[in-house]
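Engineer: Could you build all of it, start to finish, from the sequences and the hints given here?
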Amino acid sequence: MLVRWDEVRPMFVKVMPRDYKNALEAVAKVQTSSNLSGEELAMAAFRQSQQVRVIG
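Residues are numbered in this note's numbering as their position in the sequence shown, beginning at 1, plus a constant of 2.
Worth flagging that the hints you see were computed from the coordinates, not collected in a lab.
Take these hints with a grain of salt, some might be off.
To be verified - Beta-carbon label-pair distances, calculated as ranges:
1. Leu38 x Leu4: 42 to 50 Å
2. Arg49 x Pro19: 18 to 26 Å
3. Glu9 x Ser36: 39 to 47 Å
To be verified - Heads up, simulated DMTMM-like pairs for lysine to aspartate or glutamate below, C-alpha to C-alpha not over 20 Å straight-line:
4. Lys31 x Glu41
5. Lys31 x Asp21
6. Lys31 x Glu42
7. Lys16 x Glu27
8. Lys23 x Glu41
Cβ coordinates follow ideal geometry from the N, Cα and C atoms, glycine included.
Structural biologist: Next up, the structure:
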């Protein structure tokens with residue numbers, strides 16, 4: 003595989019758990035709509051992701 007690395011590299015896919023992806027999206031959304039940072043940002047994103055889970 004290493005000998006043909008340039009050929010096989012495009013065949014690899016990035017695997018990301020859904021919950022982690024949703025958390026990253028929630029953080030990005032809260033960041034753009036508020037001035038929160040650190041723990042406050044994390045908690046706001048967590049609350050938002052929990053609301054989405056209950057509704058969706």
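Engineer: None of the hints should be skipped; say for each whether it holds.
Structural biologist: Status of the hints after comparison with the structure:
1. Evaluation of the 42 to 50 Å hint for Leu38 and Leu4 yields a pass: the beta carbon distance comes to about 45 Å.
2. The given range of 18 to 26 Å is respected by Arg49 and Pro19, whose C-beta atoms sit roughly 20 Å from each other.
3. Taking 39 to 47 Å as the suggested C-beta distance range, the pair Glu9 and Ser36 conforms, at roughly 46 Å.
4. Restraint check for Lys31 and Glu41: satisfied, since their Cα atoms lie roughly 15 Å apart, inside the 20 Å limit.
5. For the proposed pair Lys31 and Asp21, the alpha carbon gap of about 15 Å is at most 20 Å, so the pair holds.
6. A hinted pair counts as satisfied when its Cα atoms are at most 20 Å apart, and Lys31 with Glu42 qualifies at roughly 14 Å.
7. A C-alpha spacing of about 16 Å is found between Lys16 and Glu27, which places the hinted pair at or below 20 Å, so the restraint holds.
8. Between the alpha carbons of Lys23 and Glu41 the distance comes to roughly 19 Å, so the proposed pair stays at or under 20 Å and holds.
Going through the hint list in order, the structure satisfies each hint without exception.
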